[in-house]
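Chemist: Now for the letters of each chain:
There are 2 protein chains.
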Amino acid sequence: MKNYFSSNFKLGVLGGGQLGRMLLAETQKFDIHTSILESNKNAPCAVICNRFVLGDLLDFDAVYNFGKTVDVLTIEIENVNLDALDKLEAEGLTIYPKPKDLRIIQSKARQKNFYVDHEIPTAEFLHYAYLEELKHSIENNIINFPFVWKAARFGYDGNGVKIVRNFEDLKSLPNVECITEKLIPFKNELAVIVARNASGETTTYPVVEMEFHPEANQVEYVICPARIDANVAEKARETALKVVNKLDFVGLLAVELFQTKNDEILVNEVAPRPHNSGHYSIEASYTNQFEQHLRSILNLPLGNTASKVAGIMVNLVGEEGFSGDVVYENIENILKIDGVTPHIYGKKETRPFRKMGHVTIVNKNIEKAREIAQKVKETIRVISK
Amino acid sequence: MKNYFSSNFKLGVLGGGQLGRMLLAETQKFDIHTSILESNKNAPCAVICNRFVLGDLLDFDAVYNFGKTVDVLTIEIENVNLDALDKLEAEGLTIYPKPKDLRIIQSKARQKNFYVDHEIPTAEFLHYAYLEELKHSIENNIINFPFVWKAARFGYDGNGVKIVRNFEDLKSLPNVECITEKLIPFKNELAVIVARNASGETTTYPVVEMEFHPEANQVEYVICPARIDANVAEKARETALKVVNKLDFVGLLAVELFQTKNDEILVNEVAPRPHNSGHYSIEASYTNQFEQHLRSILNLPLGNTASKVAGIMVNLVGEEGFSGDVVYENIENILKIDGVTPHIYGKKETRPFRKMGHVTIVNKNIEKAREIAQKVKETIRVISK
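Residue numbers (our numbering), protein chains in the order written: chain G, 1 to 385; chain W, 1 to 385.
Keep in mind that the hints were calculated from the coordinates and are not lab data.
Note that identical chains are pooled: a pair holds if it fits in a single copy or bridges any two copies.
List of simulated lysine to aspartate or glutamate pairs, EDC-like, C-alpha gap at most 20 angstroms:
| id | residue 1 | residue 2 |
| --- | --- | --- |
| 1 | K2 | D325 |
| 2 | K98 | D248 |
| 3 | K2 | E329 |
| 4 | K375 | E211 |
| 5 | K150 | E256 |
| 6 | K10 | E349 |
Since the model is a prediction, treat every value here as computed from it, not as a measurement.
Model the full assembly from the supplied sequences, consistent with the hints where possible.
Modeler: Dropping the structure here:
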């Protein structure tokens, strides 16, 4: 094994947002020297990493030159220059996740084709090079309203996904490569995080459940473990594992799944990195997803993915109508509640719907945790001065 | 409440060692701007804090000037210039723990007098301004061998403490102010961490037990909860709480205690900050001691001190006979074991007995955790290249 700990070994990370920041907590714990490439000089990772390099993640030279300064390269965001990664890999740099997997995952169309090619269940879809092609399909009754439209690339957190119910909805869509999917009437939206190291060791985290707000079509709580039938959970874990194995993936893969009305499991999409659906693990799991990501990309033995206690995560997003210097209103009131931990991502300015932090609620009793989560959600507000 | 989170608020910490480093993990989680004053430019906190200031903690000007740049000042080591703190406090700076408490705690003689004055049980002691005074006492049969000698100031981690059995042992002692204590035949060495905020809210962590190596007189494991009778544990918590209340303390106070053969509880000494005996809390507790320290000095509500699972801590100290660039031999083998988390403090060079890190073992079953802890201790070695 390489000597990673308090040594001259250098880890490089493409991206310096909140996922990078939570990864840094783990590289600090292990004293692994970590460099960050990021285009925003005020990004969450800016001050607290060993070395911060300003540069555009989609720029060949920025990524290539950064890669030449590190021993292992990883990502905290998948939208990076892959040609640079290919060249770095050809020149012998260890890069996890592998550039070939990032190439599949970067494009929702390639992802969907991959699932079909490997008999991984997923919602039916169609692929269009431009919006005009999609309009043409509708006019010719090849597809019918309603359907889900997804931009093939650079979609992120709801951005780039839209339910299209009529011609009016079509008007606001950008003229880019896209896919459409049948609208799946699902019971639950689930996620499974899988880790695999270069030696082929694999672990899966428990299945989590995204609980939606009954009116607004928005995830309110990520709940671990999912309150679902054990057979369904087992099927979800197996499906996620199949994706990882078919990709021959190394690193951490978050697999988002639908549980249909008939208890079928369909893969929605994957993220090749620590994921919002795994944030609960910092407080609830024996090994959190960020430490596990580090273990997987460094080919260290993987840690225990079981939970010490039940965990629920609530995202802290900027409230509508507020922009500017952030204030976390009533944070002292949620700190009064047992088992409540806020994570503040280090963004000085809030904007409507900007992800500013999250709160984890842990408890031995999941129903109690769920009650507290609701109280937390109703108490704290992300506003501006 | 002040707006601490992602704001212009500035926390200052005197000292930048491993305790500061673990505190930074919490200030990063809450995005609280943190400045560190420290004399070693390669100290564990050096790169990862918001602002690092080089300076001698015992120098009046260094401490005073640093204090003028922050909104709240705290410590991670108690040997700091108190005159500077007194002046800063007089000028209105919030400093926790309070300088008056640090003045009592910095001197073992003042600590002991404080316990006697407030009827807090402690081992009998005598106080000497110089070693010569102590020798004179022995020659005049005022005290008899064996006894425990402790330097009144700057003792740290076994340094400054010695069991004196004969005149020969006396020769190696420095000619400094000191105290002597009766050698207490104790059953267990225990510790209780208490937190108190400025509003007077108080919490105590569970009693932990220091398990000693049967031959070498050295702590091998810190075990939470202590495997002792519930009545004795209750008495230990009450005693620790009494120290905090009598000091009118604000911050985190680690109270080291002896359980005598007759189940009496005696205070050994206290540390006014996060402590080695509380490191287990990072993985085992709902609120770890570093977060609790932060909550207490910022007058935030205190967190839940209960444990999710049993926790055991093993210190990683430099092996005898090795000096230079550190290697954590067999660390990959301990990472294979469920519930094992190494913390590497970020010191590039090892020396015999230098504290280089620690390993936490958590498990639902404390006996299982104890078995694993022994395996960890027998596996990992801190050596040099």
